[in-house]
Amino acid sequence: DQQVKQNSPSLSVQEGRISILNCDYTNSMFDYFLWYKKYPAEGPTFLISISSIKDKNEDGRFTVFLNKSAKHLSLHIVPSQPGDSAVYFCAASHTGTASKLTFGTGTRLQVTL
Amino acid sequence: KAGVTQTPRYLIKTRGQQVTLSCSPISGHRSVSWYQQTPGQGLQFLFEYFSETQRNKGNFPGRFSGRQFSNSRSEMNVSTLELGDSALYLCASRMNTEAFFGQGTRLTVV
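First to last, the protein sequences are chains A and B.
Under the numbering used here, the first sequence has 25 at position 25, and the numbering climbs by one with no breaks.
So the mapping is simple: the numbering used here equals the position in the second sequence, first residue as 1, plus 1000.
The set of hints was computed from the structure by calculation and includes no laboratory data.
All values derive from a computational prediction rather than experimental measurement.
Beta carbons are placed, not taken as given, at the ideal position from N, Cα and C, and that holds for glycine.
Warning: the hint list may mix true and false statements.
Unchecked claim - Going by beta-carbon spacing under 7 angstroms, a handful of chain A positions derived as facing chain B: (1) Q6; (2) Y32; (3) Y39; (4) E42; (5) S49; (6) S99; (7) F103; (8) R108.
As the list claims (entries may be wrong) - As a list, the in silico SDA-like pairs of lysine to any residue whose alpha-carbon atoms are at most 25 angstroms apart: (9) B:K1013 with B:E1082; (10) A:K68 with B:N1096; (11) A:K71 with B:K1013; (12) A:K5 with A:A70.
Claimed, not checked - Computed far set for chain A versus chain B, every beta-carbon distance over 10 angstroms: (13) R17; (14) G60; (15) L66; (16) H76; (17) K100.
With the sequences and hints as input, model every part of the structure.
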């Protein structure tokens, strides 16, 4: 049972444009969400997070939006840069087991020149 | 500030053997979690240790075990290795809500 889903395995965006990565979840107990960026053969790098008490969190070029009623979150990267090319994972947890992150399957973002 | 350090980076073992992986968390982080990443299953939670005690456990067989030492360093052990255990094993340390990952240990079972 995939509790966190990233339905787009890949996404290609031109440099300078907006990248939008989507994530859906099914477990209503999740109350904390994170986005990680991963290069091959390396560990995930934390990007940005959001608590369920918020609907938006911004950090530089990265903004995460949370729609609790739809159980949907998205990561916006503006403007996209070639160095953003990587696999992006969304992850979710709930307060009771904050250390246990449930990951989506990832979306490979390619930013083209 | 040093990040999460995992050793070794790469490992090749034979079926039936056992293996121990090591993780040194970020200084001051007392929570250490382990994840397995495979192409088919993605990133899956193995277990978490906090103050030398296992606090959470994922759905993995008993062949997968771990421990944490008083300095928060953690080890993960897999006994009776199977081909399907070939994966990238990631360790993450946490102080508050964000988990920070090491570079992982790539285990290949032949």
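Hints and how they fare:
| no. | hint | verdict |
| --- | --- | --- |
| 1 | Q6 | violated (10 angstroms) |
| 2 | Y32 | holds (6 angstroms) |
| 3 | Y39 | violated (10 angstroms) |
| 4 | E42 | holds (5 angstroms) |
| 5 | S49 | holds (6 angstroms) |
| 6 | S99 | holds (4 angstroms) |
| 7 | F103 | holds (4 angstroms) |
| 8 | R108 | violated (13 angstroms) |
| 9 | B:K1013 with B:E1082 | holds (10 angstroms) |
| 10 | A:K68 with B:N1096 | holds (23 angstroms) |
| 11 | A:K71 with B:K1013 | violated (42 angstroms) |
| 12 | A:K5 with A:A70 | holds (13 angstroms) |
| 13 | R17 | holds (27 angstroms) |
| 14 | G60 | holds (16 angstroms) |
| 15 | L66 | holds (15 angstroms) |
| 16 | H76 | holds (19 angstroms) |
| 17 | K100 | violated (5 angstroms) |
Checked against the numbered hints listed earlier, the structure breaks hints 1, 3, 8, 11, 17; every other hint is satisfied.
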